[in-house]
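Undergrad: Here the protein sequences line up with chains A and B, keeping their order.
For any residue, its number in the numbering used here is found by taking its place in the first sequence, counting from 1, and adding 957.
For any residue, its number in the numbering used here is found by taking its place in the second sequence, counting from 1, and adding 276.
There could be a bad hint or two in this list.
Unchecked claim - Far from chain A, by Cβ distances over 12 Å, these chain B residues were calculated:
# : residue
1 : Asp380
2 : Asp383
3 : Arg435
4 : Ser510
5 : Ala514
Claimed, not checked - Calculated cross-link-like contacts (lysine to aspartate or glutamate; reagent style EDC-like; alpha-carbon spacing at most 16 Å):
#  : chain 1 : residue 1 : chain 2 : residue 2
6  : A       : Lys1140   : A       : Asp1120
7  : A       : Lys1107   : A       : Asp1120
8  : B       : Lys345    : B       : Asp332
9  : A       : Lys988    : A       : Glu1234
10 : B       : Lys395    : A       : Glu961
11 : B       : Lys442    : B       : Asp332
12 : A       : Lys1140   : A       : Glu961
13 : B       : Lys417    : A       : Asp1120
14 : A       : Lys1267   : B       : Glu283
15 : B       : Lys417    : A       : Glu1268
16 : B       : Lys345    : B       : Glu283
17 : B       : Lys460    : B       : Asp419
Said to hold, decoys possible - Pair ranges (Cβ atoms, derived):
#  : chain 1 : residue 1 : chain 2 : residue 2 : range
18 : A       : Glu1268   : B       : Asp483    : 32 to 38 Å
19 : B       : Glu459    : A       : Val1270   : 33 to 39 Å
20 : B       : Lys389    : A       : Arg1237   : 38 to 44 Å
21 : B       : Met482    : A       : Leu1134   : 53 to 59 Å
22 : B       : Ala451    : A       : Arg1277   : 51 to 57 Å
23 : A       : Met1258   : B       : Lys481    : 28 to 34 Å
24 : A       : Gly1104   : B       : Gly393    : 51 to 57 Å
25 : B       : Tyr425    : A       : Arg1237   : 51 to 57 Å
26 : B       : Phe387    : A       : Pro1072   : 25 to 31 Å
27 : A       : Leu1253   : B       : Gly315    : 57 to 63 Å
28 : B       : Gly393    : A       : Arg1272   : 28 to 34 Å
Note that these hints are calculated values from the structure, not bench results.
A virtual CB, placed ideally from N, CA and C, is assigned to each residue, including glycine.
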Amino acid sequence: MKKETLRVLLFALSALFAIVLLDQLVITNLKNSQVNIINVALIFFFCVSGMYLLLGLGGVLSLCSVTMLGLGAFVCGFLNTKLNVPIPAAMLLGALASGVLALFLGLLLLKLEGPCFVFGTIGVTYIGQSVFQNFAAFTGGPNGTGGIGKLVLFGYTFKTFKDWFPLLAVFVLLLILLLHRIKQTTFGRSLMAVRDDATAAYCMGVNVYRTKVVVFVLAGVLAGFGGSLYAVHNGTISASLFTFNTQLKFVIMLMLGGVMSPIGALFGTVLVNYLPELARFANSYLNLLYGCLIVLLMIFMPMGLAGILKEAVVRYRVQRNKQLPGDGGKGGPSDVVS
Amino acid sequence: MSCLRVEEIGITFGGLAAVSDVSFTVEPGEIMGLIGPNGAGKTTTLNLISGLYEADRGRVYLNDQDVTKKTAYERARLGLGRTFQTPHMLTRSTVSDNMKLGTDLADQMGFLKSFLGFKGHNFLDEVDGLMEIADLKVDWKADISSLAYGQLKRLEIVRGLLAHPKTLLIDEPAAGLNAKELEKSVALMRHAAREGVGIVLIEHKMDMIMNVCDHIVVLNFGKMIAHGTPDEVSADEAVIEAYLGRK
Chain A
958 MKKETLRVLL
968 FALSALFAIV
978 LLDQLVITNL
988 KNSQVNIINV
998 ALIFFFCVSG
1008 MYLLLGLGGV
1018 LSLCSVTMLG
1028 LGAFVCGFLN
1038 TKLNVPIPAA
1048 MLLGALASGV
1058 LALFLGLLLL
1068 KLEGPCFVFG
1078 TIGVTYIGQS
1088 VFQNFAAFTG
1098 GPNGTGGIGK
1108 LVLFGYTFKT
1118 FKDWFPLLAV
1128 FVLLLILLLH
1138 RIKQTTFGRS
1148 LMAVRDDATA
1158 AYCMGVNVYR
1168 TKVVVFVLAG
1178 VLAGFGGSLY
1188 AVHNGTISAS
1198 LFTFNTQLKF
1208 VIMLMLGGVM
1218 SPIGALFGTV
1228 LVNYLPELAR
1238 FANSYLNLLY
1248 GCLIVLLMIF
1258 MPMGLAGILK
1268 EAVVRYRVQR
1278 NKQLPGDGGK
1288 GGPSDVVS
Chain B
277 MSCLRVEEIG
287 ITFGGLAAVS
297 DVSFTVEPGE
307 IMGLIGPNGA
317 GKTTTLNLIS
327 GLYEADRGRV
337 YLNDQDVTKK
347 TAYERARLGL
357 GRTFQTPHML
367 TRSTVSDNMK
377 LGTDLADQMG
387 FLKSFLGFKG
397 HNFLDEVDGL
407 MEIADLKVDW
417 KADISSLAYG
427 QLKRLEIVRG
437 LLAHPKTLLI
447 DEPAAGLNAK
457 ELEKSVALMR
467 HAAREGVGIV
477 LIEHKMDMIM
487 NVCDHIVVLN
497 FGKMIAHGTP
507 DEVSADEAVI
517 EAYLGRK
């Protein structure tokens, strides 16, 4: 078995073990409201992981992920409550709807470069916000959509937030493994090439526009699935969540944890989501806290917490390599090239 | 069959003809020098060939296939490699990821196959061989940004060769290299030519051009002023005038 495969297997097994421990020792002792916060953070990670693919791997800053999240949630809610579509099918269709919207928007907007694209996506978020609030026949308008059914898998009904935690944690683990794998594929390298040097990417046979559209759709599907999960997990959805404000929080989650690391992004998502709970004593100063966090983040750790960790590893490797004069260090091509 | 044929290619920027009526042919295994004073249109010509610029007129053929209307990535997939004056690498990635980008182009494997772990051609020997010729010993897991400029210049050629090009456009490989590094770059080019790759080489170091190239095209003010063997070109009056400013 290859060293890399073994490492991934070991990581997956340890993570599964950690999930069981967390579930049995921590989650059971938390209040329902606290478990809800953690669950929602895990759900939001689907949206943030799409942003990781877009920004971290592809260098594309999109500020409309929250619209994809909202569309997934409302489509799932609408299909289940109005058309009696079973929950698993409604969830998948919610993700699909977001993917289709992302395809349309990607084809339209990704011809734009830099700030023009970013402003275009901001426009989409405002359009989405307005549609979610005013298109009452579909979203329930200001009242939102309620009475969404419970998820039943293999005869087990997910009733309480505590029931949901292990399922969401396993979903997130699978998602992290998927993101890790994508990075190692031809598509992942094409994305990195687009991010670092579009000219070089072109000359290395990468269709830059198509690569960006594909990752935009992938991010849309992930956010849409997250939205579906949110709808079913909470049983009710309100348009007030899917605003530009929430989108900015997603950006903070990604930047805090580390734009180049899925695990960092997960950490950032949980931390930012749990922050209001941790700083309950200073709730009226929460925006001040977010503001300071962003400023400090950009000055002292632009690559987030994961970036700091990576820097430490690089420093260690450089130190180690100094002990091998005349050689660039350990690790020939056979170690890494498959 | 020629690996590259350029016919009366030209482009105009804001009324100024940056390149006009340039024609030449490169055969497999041949190294062709493209020289001229600064601003002569050498890099613009490479950009026209590689598809980064769209030609106003003329045609480009790769292996006798007309690629004039094809995009840069399509030309790359048809076997046109390229390096730049300043190395264009994936600046936030590892050496390994940078090199794999070359092999990805050679294999042209779809996402699903790649996702499922299908392997492309076995290129470990090829990598080792190229790295040895280039005299490069680098940590493959290191960030590319940790490498020296001279290493990057040679690695870019190695990456270009890993893509198995039929034609390779090399822009100023000697810039910023010391004598030993330059020697290794030349060794890489000669190795590629022996393998049947046609090379177009832009370079200001005349001794290198004269030693390495089979034939040379000279540009001045976007126009081709001479074409021939190194001896013919060095004796050409128009070339001497363009370089030295005298008749």
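Undergrad: Return holds or violated for the Cβ distance of Leu1253 of chain A and Gly315 of chain B against the range 57 to 63 Å.
TA: Because 48 Å falls outside the window, the suggested range is violated.
Undergrad: Under the criterion that the straight-line Cα-Cα distance not exceed 16 Å, is the pair Lys1140 of chain A, Asp1120 of chain A satisfied?
TA: Cα-Cα ~32 Å, so violated.
Undergrad: Hinted pair, alpha-carbon criterion (16 Å max): Lys345 of chain B, Glu283 of chain B. Please report holds or violated.
TA: Holds - the C-alpha atoms of Glu283 of chain B and Lys345 of chain B are around 14 Å apart, at most 16 Å.
Undergrad: Between the alpha carbons of Lys1267 of chain A and Glu283 of chain B, is the straight-line distance 16 Å or under?
TA: violated (51 Å)
Undergrad: Check whether the Cα positions of Lys1140 of chain A and Glu961 of chain A lie no farther apart than 16 Å.
TA: The hint holds at about 13 Å.
Undergrad: Given the hint of 53 to 59 Å, check if Met482 of chain B and Leu1134 of chain A actually sit that far apart at their C-beta atoms.
TA: With Cβ atoms ~55 Å apart, the hint holds.
Undergrad: I want to verify a distance hint. Is the separation of the beta carbons of Gly1104 of chain A and Gly393 of chain B within 51 to 57 Å?
TA: With Cβ atoms ~44 Å apart, the hint is violated.
Undergrad: Just to be sure I understand the hint, the distance between the Cβ atoms of Glu459 of chain B and Val1270 of chain A should be within 33 to 39 Å; is that true here?
TA: At roughly 35 Å between Cβ atoms, Val1270 of chain A and Glu459 of chain B fall inside 33 to 39 Å, so the hint holds.
Undergrad: Against the 16 Å threshold, does the CA-CA distance of Lys417 of chain B and Glu1268 of chain A hold or violate the hint?
TA: With Cα atoms ~14 Å apart, Lys417 of chain B and Glu1268 of chain A stay inside 16 Å; holds.
Undergrad: Could you see if the CB distance from Lys389 of chain B to Arg1237 of chain A stays within 38 to 44 Å?
TA: violated (51 Å)
Undergrad: Hey, does Ala514 of chain B actually stay past 12 Å from chain A on C-beta?
TA: Fine: 32 Å to the nearest Cβ keeps Ala514 of chain B off the interface.
Undergrad: Given the hinted pair Lys442 of chain B and Asp332 of chain B, is their alpha-carbon gap at most 16 Å?
TA: violated (25 Å)
Going through the hint list in order, the structure does not satisfy hints 1, 2, 3, 6, 11, 13, 14, 17, 18, 20, 22, 23, 24, 27.
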